[in-house]
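Going down the list, the protein sequences come from chains G and R.
According to this note's numbering, the residues represented by the first sequence are 1 to 381, in order.
According to this note's numbering, the residues represented by the second sequence are 1 to 381, in order.
Be careful, since some hints might not be right.
Repeated chains share a single entry, so a pair holds when one copy, or any two copies, can fit it.
[As the list claims (entries may be wrong)] In silico DSSO-like cross-links for lysine-lysine, where the CA-CA straight-line distance does not exceed 30 Å:
1. K226 - K332
2. K348 - K125
3. K233 - K348
Hints listed in this document are in silico derivations from the structure and should not be mistaken for laboratory results.
There are 2 protein chains.
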Amino acid sequence: MTTINNAHQQAVGQVSVPPRLLLGPGPSNADPRVLQTMGMPTLSHLDPAFVPLMNDVQELLRYTWQTDNEYTIAVSGTGTAAMEAAVANLVEPGDVILVGVIGYFGERLVEMAVRYGADVRIIEKPWGDVFTLDELEAGLKAHNPAVLMLVHAETSTGALQPLAGVGDLCHAHNCLLLADSVTSLGAAPLFVDEWGIDAAYSCSQKGLSCPPGASPLTFSDRAMAKVNGRTHKVNSFYLDITLLAKYWLGAARGYHHTMSSNMIYALREGLRLVAEEGLEARWQRHQTNAELFWDGLAGIDLTCHVPDAANRIPSLTTVAVPDGVDAGAVAKRLLREYNIEVAGGFSKLAGKVWRVGLMGYNSRPENVVLLLQALERILHE
Amino acid sequence: MTTINNAHQQAVGQVSVPPRLLLGPGPSNADPRVLQTMGMPTLSHLDPAFVPLMNDVQELLRYTWQTDNEYTIAVSGTGTAAMEAAVANLVEPGDVILVGVIGYFGERLVEMAVRYGADVRIIEKPWGDVFTLDELEAGLKAHNPAVLMLVHAETSTGALQPLAGVGDLCHAHNCLLLADSVTSLGAAPLFVDEWGIDAAYSCSQKGLSCPPGASPLTFSDRAMAKVNGRTHKVNSFYLDITLLAKYWLGAARGYHHTMSSNMIYALREGLRLVAEEGLEARWQRHQTNAELFWDGLAGIDLTCHVPDAANRIPSLTTVAVPDGVDAGAVAKRLLREYNIEVAGGFSKLAGKVWRVGLMGYNSRPENVVLLLQALERILHE
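Only chain G is shown next, with the shape it has when bound in the complex (with noise of 0.2 Å):
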């Protein structure tokens, strides 16, 4: 046999994490419930014990996002793999797609698009700005898009899209409607069958409680109907909507890929968590405390990169950083001081903001009060 190189059998000792409050974008902290349950033991991915789990996780999706979607599964992978799902599956070589960019994710839905073959076209506002209906309106009659692309609550500039009424927009001019909802389910109003979207994702890190690792996505039958009209097999055999269905959907649960009971476990009990406190209240949690923590903020001398409060995201607030303060060096004392983690901004607003997530378990009036205190005493000491 050939001899064995231990030139990288390095000794490590036990995984050790700090108690750090995760107050930045996401990941948030996970309820100790869905760590506690995600730790139960593996189980196949074709056990009759843990069908009945996937169903439940489908229901339960259908719910918080309030839609009776038939397609509603969740991607094992992270958020930015249901959205490539998303953007996979409804893109087809030569597509005209219309992406509505007011932030850096809109950015990557451009990005993603473009590298599945579509042409595509851009109606943009400046970072913290939404479009009005009317602006989207004019968008569909100048391009005729096939698809057209939005991010629900922008995560990169705090600034939460209304689209209500958009979907009947979109389909009067033939077109479907993906939203990104990655930074909102479970956290801000979302209405998938009411507002007429054929197409979100999100992630289980955020307003869900959960670690990164299996993330939702849910497609209406107008959605489904153009993957089934596809002339080009998805270039992605991992994140083939069709293939997926045949696993998660129906009687047969033939195998695809080997996913992950135990994600499954800790989203199934995140979901849990939501329906047991109600979405009616779990919406006006983070509503509560994030109008808490603005109302703080002024107490400081800080405002809000997004001036209207009606267009902020509840569980995440973008605070403008005053002239001479440099964001990364608060960021960095919050962490090794406080061992509360809020992000900076990037790209365009580098420097200009610092990203302050309430999200999900951590939307609690007891870490809002922590954050300011220590955000007033590094600034003011």
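We have chain G already, so just place chain R on it with the hints.
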């Protein structure tokens, strides 16, 4: 506000898991240390306390794979995602790709390479056989491919493809060697550098005794030279190794996706267990327990589907189903009466074999003895 629809607000109980012994082709039971470690509090993907854990994973993967490859990372998804990452990055539209098909996972490589635009050529042998060096050389001469894709441990048939010398052969023909090591990593002798493998991928839930969800991937400098010379961007943003490398390697750690710290804790602990045991001892343990099983099979009048013991995967045995026996009914009784999971064959081997995994944590004499006894009671009662 729109009225909330409570139709899907399902009241579900807490996750409850039967006490399964997972002796199928994976997942295997996770080591309890892995499950415990996975439940540590979530950290941000960019936390300075998290980055060293990523580095440990890379270094321990290099040991486990016996490679010095810089580009050794974990993909945020299951083994199928790592497989697709390998194919998507190495294949450019129009490339001639030669796939050696000796089972289902070779067919899956064909399917993926076709989706990514390759001109795919195939060499085939019956399910259970392996290729000789001469047969591979003939294929290289006939097709002059850019990449030869082989499955080291064909999970659908139980056959272990010898790979010593194959890399040299490929490189002499100006071709890269890709090897699927989903079922061999951490269980069977595997020398990525010594055997000249340019791209390999695996999963976490077999030889590494973790839940599924973070999947090893390694690319040689030769493979990265092909990636860096691409004229088309990889379709997949999520799996683009040049973007993943900006996150995994070097000082900057630029954001790409929100990696699951909990899955990385788990993978690190699984790899730490490999390093503690030592590869030589671990490989020997798998071989010894496999031989105990093979000998025991003979004692209850069962035979292995792969006739030559030297060509059998030590962590996954295909047992020939005797004439007149209903393979599925036996598997169902093992599960129902003894909580033991084994899998049937599929496609060309449907109804003809059982697939029995003795992987990682589960490769222990007590499991061999229990399974043999349960099989005997069901078959010979």
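Here is how each hint holds up against the structure:
no., hint, in the structure
1, K226 - K332, "neither (47 Å within a copy, 39 Å between copies)"
2, K348 - K125, "within (12 Å within a copy, 56 Å between copies)"
3, K233 - K348, "between (36 Å within a copy, 25 Å between copies)"
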